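Line by line, the protein sequences are chains F and E. With numbering that gives the first Met the number 0, letter number 203 in the first sequence gets 202, and the count goes up by one each step, no holes. With numbering that gives the first Met the number 0, letter number 85 in the second sequence gets 84, and the count goes up by one each step, no holes.
Simulated from the structure, these hints should not be mistaken for lab results. Note that the structure is a prediction, hence the values are computed from the model and not measured. Just so you know, even glycine gets a beta-carbon here, dropped at the ideal spot from N, CA and C. Mixed in with the good hints there might be a few duds.
Restraint-style ranges between C-beta atoms, simulated for each label pair [said to hold, decoys possible]: (1) F:Arg143 <-> E:Val110: 28 to 34 Å; (2) E:Ile162 <-> F:Gln209: 46 to 52 Å; (3) E:Gly126 <-> F:Lys208: 46 to 52 Å; (4) E:Lys75 <-> F:Ser141: 49 to 55 Å; (5) E:Asn101 <-> F:Asn116: 17 to 23 Å; (6) E:Glu82 <-> F:Pro117: 17 to 23 Å; (7) F:Glu4 <-> E:His142: 49 to 55 Å; (8) E:Lys140 <-> F:Lys7: 45 to 51 Å.
In silico DSBU-like links for lysine-lysine, alpha-carbon gap of 30 Å or less [claimed, not checked]: (9) F:Lys208 <-> E:Lys120; (10) E:Lys75 <-> F:Lys208; (11) F:Lys118 <-> E:Lys120; (12) E:Lys140 <-> F:Lys153; (13) F:Lys108 <-> F:Lys120; (14) E:Lys208 <-> F:Lys153.
2 protein chains.
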Amino acid sequence: MNGKEISKAVIRRLPRYYRYLGDLINQGVERISSGDLSEQMQVTASQIRQDLNNFGGFGQQGYGYNVKNLYEEIGKILGLDREHTMIIIGAGNLGQALANYNFAKNGFKTVAMFDNNPKFKGSVIRGIPVYMIEDLPEYLKSHRIDVATLTLPKDYAAEMATILVENGIKGIWNFAHTDLDLHLPEDVVVENVHLSESLMQLSYNLEQKQED
Amino acid sequence: MNGKEISKAVIRRLPRYYRYLGDLINQGVERISSGDLSEQMQVTASQIRQDLNNFGGFGQQGYGYNVKNLYEEIGKILGLDREHTMIIIGAGNLGQALANYNFAKNGFKTVAMFDNNPKFKGSVIRGIPVYMIEDLPEYLKSHRIDVATLTLPKDYAAEMATILVENGIKGIWNFAHTDLDLHLPEDVVVENVHLSESLMQLSYNLEQKQED
C-alpha cells in the first residue's frame with residue numbers, strides 16, 4: 000500500500016473491479032481504457048479513474064490500464080495475495096455449497112468442516128474432512144485458522160462464535176440469520192451475509208416496478 | 000403506503016428492522032422504545048425515530064413502538080404481505096440450501112427447481128419437484144412465477160436470464176458470479192448476491208486489523 004487512506008466506499012467497490020479485471024484476464028485482454036471499463040461495468044469513466052487513482056499511476060494517458068497489474072494491485076489491497084485458512088461450521092447444504100466454491104483462487108482455503116450430526120462422522124466433502132463439533136476446540140489448538148464460516152442455525156450462532164473467539168479465531172463469515180458483530184470483541188472481524196434481506200430488497204423493487 | 004417517497008437508504012435498512020422486530024415478536028415483546036431498539040440494533044435512537052417516522056405515527060411518546068404493527072407495516076412496504084412464487088434454476092448444493100430456507104414465511108414460496116443434470120430427473124427436494132431445464136419454457140407458459148433464483152455456473156447465467164425474461168419472468172435473484180442486471184430490460188428486477196465479494200470485504204478488514 001502507498002500509505003494513503005482509501006475511503007470505505009472505494010473499498011466496497013474494489014471486489015467488483017477485481018472480478019471484472021479477472022474476467023478480462025481470462026479473455027486475454029492486456030490493457031483497457033477507463034472508457035471501455037466504464038461501458039462494461041456501467042460506472043462512469045470518471046468514477047473509475049477516481050477510484051483507481053487511489054492506487055497510484057496504473058492508468059496511462061493513451062494506454063489505459065494494464066489489466067494484470069491492476070488486478071494484482073487490487074488483490075494485494077484486499078489481502079488476497081496471502082493464503083487464509085478457513086473452516087466451515089455446519090456441513091449442511093449451504094456449508095457444502097460453500098465448500099464447493101473455488102474460494103481458493105482468492106487465497107481462501109477450506110481445510111475442515113464441523114457438524115454436530117453424527118451422520119457426517121468421518122466423511123469427506125470435496126476433499127475436505129468433516130469433524131464433529133466437540134472436536135473443534137482441540138482442532139483450533141493445533142491448527143492456525145484465519146476464518147470460520149458459520150452456516151448453522153441462528154440459535155447456535157452466538158454461542159459458536161464465542162467458542163471460536165475464545166480459541167483464537169479473528170475472522171467470522173456469518174450466514175446465520177443474526178448480527179454477530181454486535182456482541183464480539185473489537186479485534187474480531189465479522190462479515191454477515193443475510194440472504195433473506197437480499198430477497199426482501201428484491202421483493203421491494205418488484206413492488207415498485209409494479210406500481211410504476 | 001402513505002404516499003411519501005422513502006429514500007433508498009431507509010429502504011436498505013428496512014429488512015434489518017423487520018428481522019429485529021420479528022425476533023422481538025418471537026420473544027413475546029409487544030412494545031419497545033426507540034432507546035431499547037437502538038441498544039439492540041446498535042443504531043442511534045434518533046436514526047431509528049427518523050427512519051420509522053417515514054411510516055406514520057407508529058411511535059408514541061411514553062409508549063414506544065407497537066412491535067407487531069410496525070413489523071406488519073414494514074412487511075407491507077417490502078411487499079412481504081403478498082405471496083410470491085419462486086423457482087430455483089440449479090439443483091446443486093446452493094440451490095438445495097436455498098430450497099431448505101424458510102423464505103415462505105416472507106411470502107416467497109419455492110414451487111419448482113430446474114437442472115440440466117439427468118440424475119435429478121423426477122426427484123423431489125424438500126417437497127419441491129425438480130424438472131429438467133428443457134421443460135422450463137413450457138413450465139413458465141402454464142405457471143405464474145414471480146421470481147427465478149439462479150444458482151448455476153456463471154457461463155450459463157446470461158443465457159438463462161434471457162430465456163427467463165422471454166418467458167415473462169420479472170424478478171431474478173442471481174447467485175451466479177456475474178452482474179445480470181446490466182444486460183436485461185429495464186422492467187426486470189435483479190438482485191445480485193456475490194458471495195466471493197463478501198469474502199473479499201472480510202479479507203480486507205482482516206488485513207486492516209492486523210496492521211493496527
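Quick rundown of the hints versus the structure:
1. At roughly 46 Å, the beta-carbon separation of Arg143 (chain F) and Val110 (chain E) lies outside the given 28 to 34 Å, and the hint is violated.
2. Taking 46 to 52 Å as the suggested C-beta distance range, the pair Ile162 (chain E) and Gln209 (chain F) does not conform, at roughly 22 Å.
3. Taking the beta carbon of each, Gly126 (chain E) and Lys208 (chain F) are about 30 Å apart, not inside 46 to 52 Å as hinted.
4. Checked against the hint of 49 to 55 Å, the C-beta distance between Lys75 (chain E) and Ser141 (chain F) comes to roughly 52 Å, which is consistent with it.
5. Distance hint check for Asn101 (chain E) and Asn116 (chain F): the Cβ-Cβ separation is about 19 Å, which falls inside the suggested range of 17 to 23 Å.
6. Checked against the hint of 17 to 23 Å, the pair Glu82 (chain E) and Pro117 (chain F) fails, with Cβ atoms roughly 38 Å apart.
7. Separated by about 53 Å at the C-beta atoms, Glu4 (chain F) and His142 (chain E) satisfy the suggested range of 49 to 55 Å.
8. For the pair Lys140 (chain E) and Lys7 (chain F), the supplied restraint of 45 to 51 Å holds, since their beta-carbon distance comes to about 47 Å.
9. For the hint pairing Lys208 (chain F) with Lys120 (chain E), the CA-to-CA distance comes to about 35 Å; that exceeds 30 Å, so the pair is violated.
10. Restraint check for Lys75 (chain E) and Lys208 (chain F): the C-alpha separation of about 15 Å stays at or below 30 Å, so the hint holds.
11. For the suggested pair Lys118 (chain F) and Lys120 (chain E), the alpha carbons sit about 26 Å apart, so the restraint of at most 30 Å is met.
12. For the proposed pair Lys140 (chain E) and Lys153 (chain F), the alpha carbon gap of about 38 Å is over 30 Å, so the pair is violated.
13. The suggested pairing of Lys108 (chain F) with Lys120 (chain F) holds, with an alpha-carbon distance near 21 Å, which does not exceed 30 Å.
14. The suggested pairing of Lys208 (chain E) with Lys153 (chain F) holds, with an alpha-carbon distance near 26 Å, which does not exceed 30 Å.
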